[in-house]
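Colleague: The listed protein sequences derive, respectively, from chains A and B.
When you number the first sequence by my numbering, it's gap-free, plus one each residue, and the end is 85.
When you number the second sequence by my numbering, it's gap-free, plus one each residue, and the end is 174.
Some clues are possibly wrong.
To be verified - Rough simulated footprint, nothing fancy, chain B against chain A, three-plus residues with beta-carbon under 8 Å: (1) 3 to 14; (2) 54 to 63; (3) 78 to 84.
None of these hints come from the bench; they were simulated from the model.
Don't be surprised by glycine CBs; every beta carbon is placed ideally from N, CA and C.
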Amino acid sequence: MKLVYFARVREALGRDDEEMEFPASVLTVGDAIDWLAAQSPRHAEAFADRSKLRFALDQRMAKPDAAIAGAAEFAIFPPVTGG
Amino acid sequence: MIRVSVQRATFDMAAETLALEAAGVGAVATFTGIVRGDDGVTAIELEHYPGMTEASLRDICDTAQARWNLSGCTILHRVGRMKLGEPIVLVVTASPHRAAALEACAFLIDRLKTDAPFWKKEYRGDGVNWVEQKTGDVARADRWDA
Numbered sequence: 003m004k005l006v007y008f009a010r011v012r013e014a015l016g017r018d019d020e021e022m023e024f025p026a027s028v029l030t031v032g033d034a035i036d037w038l039a040a041q042s043p044r045h046a047e048a049f050a051d052r053s054k055l056r057f058a059l060d061q062r063m064a065k066p067d068a069a070i071a072g073a074a075e076f077a078i079f080p081p082v083t084g085g
Numbered sequence: 029m030i031r032v033s034v035q036r037a038t039f040d041m042a043a044e045t046l047a048l049e050a051a052g053v054g055a056v057a058t059f060t061g062i063v064r065g066d067d068g069v070t071a072i073e074l075e076h077y078p079g080m081t082e083a084s085l086r087d088i089c090d091t092a093q094a095r096w097n098l099s100g101c102t103i104l105h106r107v108g109r110m111k112l113g114e115p116i117v118l119v120v121t122a123s124p125h126r127a128a129a130l131e132a133c134a135f136l137i138d139r140l141k142t143d144a145p146f147w148k149k150e151y152r153g154d155g156v157n158w159v160e161q162k163t164g165d166v167a168r169a170d171r172w173d174a
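Next up, chain A with everything else stripped away, as it sits in the complex (with noise of 0.2 Å):
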């Protein structure tokens, strides 16, 4: 699945995007942030904070109980701020 990074997430990470394969106990967006979160300490400061997280699944808004099966792009970044 093809990660993407947004705003203070992507600074946070140091990157734009990442491949990433969940094993199968992952199920949701909530399942893959706990999951992220434990494979480096730079996942683990950038997912810190999950009140500070949104997501999206194929470019659809996906609230943490969202499954992630069949998804092929999976965003990850902060509340929006536009306007």
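Using the hints provided, position chain B relative to the given structure of chain A.
Modeller: Just chain B now, kept in the frame of chain A:
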């Protein structure tokens, strides 16, 4: 008629308004967001999620068209760096009557602020910071669901 655009260049507000007036409508409403000099802000920089941004702006316009009698709906949003006083976003709505044009215009900018994937950075003399989402903006967007 729906028109959305995410662009680096500024926009021609008169031309955008005229384009909707040309449909022969009774009312056109516009909203322009402008870079504000809060606490010494000298410039802002906007990033976005290409693809999702345009789709979300179209979704917001579709929702407005389903709710109000609109003959036109335009959202133009700039990305990249903008200086104090420069326009950031333009919303234009056209309808046979003023109430629909004004309400839909307010709805579009309120929803854009909570649903469209843009992120804003502020530059001041001595530093730069990401803007935090305001709870007031979320409350304003939510009141359209009531």
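Colleague: Does each hint fit the structure? Answer for all of them.
Modeller: Consistency of the hints with the structure:
{"no.": "1", "hint": "3 to 14", "in the structure": "holds (count 4)"}
{"no.": "2", "hint": "54 to 63", "in the structure": "holds (count 4)"}
{"no.": "3", "hint": "78 to 84", "in the structure": "holds (count 6)"}
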